[in-house]
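So the chains spell out like this:
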Amino acid sequence: MEAVEAIMEVNRIFKARNWFAKDTQELAFNGFCRLFMSLESHQRGLILDLTDNYHWISHGEYQDKIIEAMQAISTDQLLDVKKIYFFPIIKPDDENKIKSGDHLLYIIKAFKHLMTKYANVRFEFIKTFDLLHKIQLDVNERLYLIDDYIGSGETFDFCMLEVAKNPTLISSFIKVVCIAIQEETQINLVMDGYAVLKTLVVKKGITDFNEASETILKKELMREIERHIPGSKSVSLGYNETEALITMARTPDNTFPVFWKKFKKEGKYFDAPFSRFDEI
Amino acid sequence: MNENNLTLLLNVIKNKGNIMVLSRQQLSFRQIAELTEQAVIDGYIGYTDNKIILTDLGESFLASHLDTTKKRNKAEWIELDFKNKIKPFPKNEVFLPNRSEFSF
Chain A
37 MEAVEAIMEV NRIFKARNWF AKDTQELAFN GFCRLFMSLE SHQRGLILDL TDNYHWISHG
97 EYQDKIIEAM QAISTDQLLD VKKIYFFPII KPDDENKIKS GDHLLYIIKA FKHLMTKYAN
157 VRFEFIKTFD LLHKIQLDVN ERLYLIDDYI GSGETFDFCM LEVAKNPTLI SSFIKVVCIA
217 IQEETQINLV MDGYAVLKTL VVKKGITDFN EASETILKKE LMREIERHIP GSKSVSLGYN
277 ETEALITMAR TPDNTFPVFW KKFKKEGKYF DAPFSRFDEI
Chain B
576 MNENNLTLLL NVIKNKGNIM VLSRQQLSFR QIAELTEQAV IDGYIGYTDN KIILTDLGES
636 FLASHLDTTK KRNKAEWIEL DFKNKIKPFP KNEVFLPNRS EFSF
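Chains A and B are the protein sequences, given in the same order. Following our numbering, the numbering of the first sequence begins with 37 at its first residue and continues without gaps. Following our numbering, the numbering of the second sequence begins with 576 at its first residue and continues without gaps.
Note that these hints are calculated values from the structure, not bench results. A hint or two may mislead.
As the list claims (entries may be wrong) - Calculated lysine-lysine pairs in the DSS-like style (CA-CA distance at most 27 Å, straight line):
id, chain 1, residue 1, chain 2, residue 2
1, A, 254, B, 658
2, B, 591, A, 51
3, A, 300, A, 255
4, A, 301, B, 591
5, B, 591, A, 298
6, A, 255, B, 626
7, A, 304, B, 649
8, A, 51, B, 649
9, A, 300, B, 591
10, B, 626, A, 239
11, A, 127, A, 51
12, B, 589, A, 301
13, B, 626, A, 301
14, A, 101, A, 255
15, B, 662, A, 304
Unchecked claim - Sample of chain A residues with no beta-carbon within 12 Å of chain B, all distances over it, derived:
id, residue
16, 47
17, 73
18, 133
19, 149
20, 168
21, 225
22, 226
23, 303
Note that the structure is a prediction, hence the values are computed from the model and not measured. C-beta atoms are modelled at their ideal positions from N, C-alpha and C, and glycine is treated no differently.
Same shape as in the complex, but just chain B:
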């Protein structure tokens, strides 16, 4: 079982978060369902009063793995802003902006 996905799943269940976090990991709904079922079988989650909750095992797994799911590398979670990228001017070109367009 992918530890990263399991951590995200346990975090969603603990904080009543949105399951879409997992579909952003390229998991299909069916894979999410299977992952959840496996987590029940493996004892990470269980039921109390018909409510789904983390077991002690789930809690301690989450506590020790949550940190690793945080993306530290900026390139992984900040998308490049291609939309506002402008082509550089050639070296010998002179740029004379309209006076009214000055905003500073």
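So that you can see chain A by itself, here it is in the shape it has in the complex:
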């Protein structure tokens, strides 16, 4: 496939998905075009296929999406609930960092009136692990753990190690609320007894869309592309090989690095379509 065809195709995808409304400065679009110009003919098709299945949830959509996720609960589950504690899904090491979960807590606080199913429930927001360890969860109280996106579930597991230190926080009283979650991780969470409220379930970009033999070939092709992306070894096929195809307000490192990490060709670096600007 020639570069000009790939550029025309990605333009179609952008128009069909209304992405130009999010990409007002055309940074993402230009990133795709420069990428297609740098790739070899046989590599372009793979990137286009993945782009076709890609999710882009801009920061402006957070409010509607998190309200939708919160409302994705049956009312009978809330019948005897008087109070819900909210806590962001973070690692203890990141307690003092600015994380997306904190921001979502603010949205939930500000727009509680739009979450009509919770009209008779009191919300309380917990900010530190210290306070989390101290709460005494009653039978008519719940704990909601919040994040914008759950990838391989590693951060969640770290967070749960802390939650486990408080014996009143039992799994049937805990719900996980997020805008998007990887399908595999959601299955694991449900098997561990945690209900998940979400708006979007994301599949593995290569494995879940191809037959086994095709999967091997396409992963090999992706690794060939990643050879032009310095520092991509540790996040090959996305962190923990998550194969995610998603950009939130930021792009998680679970997404294939070709979408967010600088590409190098003939000594020159090019910004990725969904560049994480701390990756400099």
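Given chain A, put chain B in place with the hints provided.
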């Protein structure tokens, strides 16, 4: 549609050239994409065996317009070499170069 840009686009597709020729015409990537899409709609380019190629219409358009894209005016395509320009010496100044610097 700008005939000059269309000609450059058709030339790039026919010769598998670099699309950057068009970005030198101050076109953004998005404009290049739109131009290509329009050229498909207007029947200048099409697909055979999943390969993008010029149609007969595209071929004849290119043949009749390619000449006009060639820049004939030197001022348009040769940039002035300001870097090596030296200030002229005043009329009454005498210039005595170092003997070792003579190269002729």
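Now the hints, each set against the structure:
1. Restraint check: the Cα-Cα separation between residue 254(A) and residue 658(B) comes to about 50 Å, which exceeds 27 Å; the hinted pair is violated.
2. Only pairs whose Cα atoms come within 27 Å are accepted, and residue 591(B) paired with residue 51(A) is accepted, the gap being roughly 26 Å.
3. At roughly 20 Å between alpha-carbon atoms, residue 300(A) and residue 255(A) fall within 27 Å of each other, so this suggested pair holds.
4. Between residue 301(A) and residue 591(B) the CA atoms are separated by roughly 19 Å; this keeps the pair inside 27 Å, and the hint holds.
5. Between the alpha carbons of residue 591(B) and residue 298(A) the distance comes to roughly 26 Å, so the proposed pair stays at or under 27 Å and holds.
6. Distance restraint check for residue 255(A) and residue 626(B): the Cα-Cα separation of roughly 25 Å lies within the 27 Å cut-off, and the hinted pair is therefore satisfied.
7. Taking the CA atoms of residue 304(A) and residue 649(B), the gap is about 31 Å. The hint is violated against a cut of 27 Å.
8. With a CA separation close to 41 Å, the supplied pair residue 51(A) and residue 649(B) exceeds the 27 Å bound.
9. For the hint linking residue 300(A) to residue 591(B), the alpha-carbon distance of about 22 Å falls within 27 Å, and the restraint holds.
10. Between residue 626(B) and residue 239(A), the direct Cα distance comes to roughly 31 Å. Violation of the 27 Å bound is thereby established for this hinted pair.
11. Our distance criterion of 27 Å between C-alpha atoms is broken by residue 127(A) and residue 51(A), whose separation comes to about 38 Å.
12. As the CA atoms of residue 589(B) and residue 301(A) are separated by approximately 25 Å, the hinted pair is consistent with the 27 Å bound.
13. A hinted pair counts as satisfied when its Cα atoms are at most 27 Å apart, and residue 626(B) with residue 301(A) qualifies at roughly 25 Å.
14. Proposed proximity of residue 101(A) and residue 255(A) is contradicted: the alpha carbons are some 32 Å apart, above 27 Å.
15. Distance check on the hinted pair: residue 662(B) and residue 304(A) sit about 37 Å apart at the alpha-carbon level, beyond 27 Å; violated.
16. The non-interface label for residue 47(A) is inconsistent with chain B: the shortest C-beta to C-beta separation is roughly 3 Å, within 12 Å.
17. With a closest Cβ-Cβ approach of about 7 Å to chain B, residue 73(A) is found to fall inside the 12 Å limit, against its non-interface label.
18. Listed as a non-interface residue, residue 133(A) keeps its Cβ farther than 12 Å from every Cβ of chain B; the least gap is roughly 35 Å.
19. Even its closest Cβ contact with chain B, about 40 Å, leaves residue 149(A) beyond 12 Å, as expected for a residue assigned away from the interface.
20. At roughly 48 Å from the closest C-beta of chain B, the C-beta of residue 168(A) stays outside 12 Å, upholding its exclusion from the interface.
21. Distance check for residue 225(A) against chain B: the nearest CB is about 40 Å away, which clears 12 Å, and the non-interface claim stands.
22. For residue 226(A), the requirement that its beta carbon stay farther than 12 Å from each beta carbon of chain B is met, with the minimum near 42 Å.
23. At roughly 17 Å from the closest C-beta of chain B, the C-beta of residue 303(A) stays outside 12 Å, upholding its exclusion from the interface.
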